[in-house]
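Peer 1: Just so we're on the same page, my numbering is the position in the sequence shown counted from 1, plus 442.
Among the clues, some could well be false.
When the alpha-carbon atoms are kept at most 20 Å apart in a straight line, the in silico EDC-like pairs for lysine to aspartate or glutamate are as follows [as the list claims (entries may be wrong)]:
1) 742 to 677
2) 495 to 485
3) 742 to 678
4) 740 to 485
5) 740 to 678
6) 668 to 678
7) 740 to 677
8) 610 to 636
Hints in this document: simulated from the structure, not taken from any laboratory.
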Amino acid sequence: MPLQRSNTNFTCLTFTLAGVRGLDAGHLWQTIPFSSIYLVALEGNCTILFIIKMDPSLHEPMYYFLSMLALADLGLSLCTMPTVLSILWLNSRQISAGACFTQFYFIHTFSFLESSVLLAMAFDRYVAICHPLRYASILTSSRIAKIGLAILGRCVFIVMPGVFVLRKLPFCRSHALSHSYCLHQDLMKLVCADITFNIVYGLSLAILIFMLDSLLIFASYILIFKTILSIASREECLKALNNCLSHIFAVLILYIPMAGVSIVHRFGQHTSPVVHVLMANVYLLVPPVMNPIIYSIKTKQIRQGILRLFSLQRTYGTWPERSVVTPHR
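Let the sequences and hints guide you as you build the complete structure.
Peer 2: Dropping the structure here:
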């Protein structure tokens, strides 16, 4: 029997979100780890932002970019948290079309934002290691502000055409989504009209943002490692490499799950639905949780800031004054 075209008004349209399929009977035990993950992500990124704001010695390019990354991770967590936790705590699976498209827009925007910020951080590391004497003159406050505005404009406006076009298309298949949140590729499967534009546009965005960013990050590290290997002192070589480790880990925890999701969507049509859902959750939940942990462990200034924060809470005093140190290279 042919599918009938849906005449439902967009404002009355609702979608049904999915939980972790195959594990639906275990909502209670799923709730605890997911809630803990969101709590760690929110607290960790807010702590990073607070420490950088309060400590004047961290008001330098490296930590401005880290603040942008924390904001992107915070936004990504806040985008998915309402629907995921409402399913786990209340078993509430219905979401209006307006809320679904809003969530879809912000999820993809913050994902692109995170990739763009990692590219900017790679440029920061390149300048700090390959041109240390020109670091302050290249990465001035005004230039960092321009980079931040360019990143924001790139990510905010680039997703809009796909949202507007998809919003005008009829949804005549089942309105059941396969994730606990709204994604572009998931919504496209429910459309009963020509989605060539959305497919081409989505692929173009993936190439323009993720593939281009990852290639530029890779190229920057080729130049960085070339400079590091030319350093005569082994101690200085290890110090320069250590300054890049946090960023390298942040890049890996973003792009490896992203590659896994792409592979599963392209070649894993016959795999268990649990695999698809878990991979999507790893892609969206792991970076916001792991980035604050990585930077807290690997970055001495952030680690010291956390210790001072605990000391502040114990003594009920003011934020301890620190003498301004030379920028961390």
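Peer 1: Please go over all the hints and tell whether each is borne out by the structure.
Peer 2: Hints, verified against the model:
Straight-line distance between C-alpha atoms of residue 742 and residue 677 comes to about 17 Å, which keeps the hinted pair within the 20 Å bound. This hinted pair checks out: residue 495 and residue 485 have alpha carbons roughly 15 Å apart, not beyond 20 Å. With a CA separation close to 17 Å, the supplied pair residue 742 and residue 678 stays within the 20 Å bound. Proposed proximity of residue 740 and residue 485 is supported: the alpha carbons are some 18 Å apart, at most 20 Å.
A distance of roughly 17 Å separates the Cα atoms of residue 740 and residue 678; the hinted pair therefore holds under the 20 Å criterion. Pair hint residue 668 plus residue 678 holds up; C-alpha atoms about 14 Å apart against a cutoff of 20 Å. This hinted pair checks out: residue 740 and residue 677 have alpha carbons roughly 17 Å apart, not beyond 20 Å. Simply put, residue 610 and residue 636 have alpha-carbon atoms about 11 Å apart, close enough for the 20 Å limit, and the pair holds.
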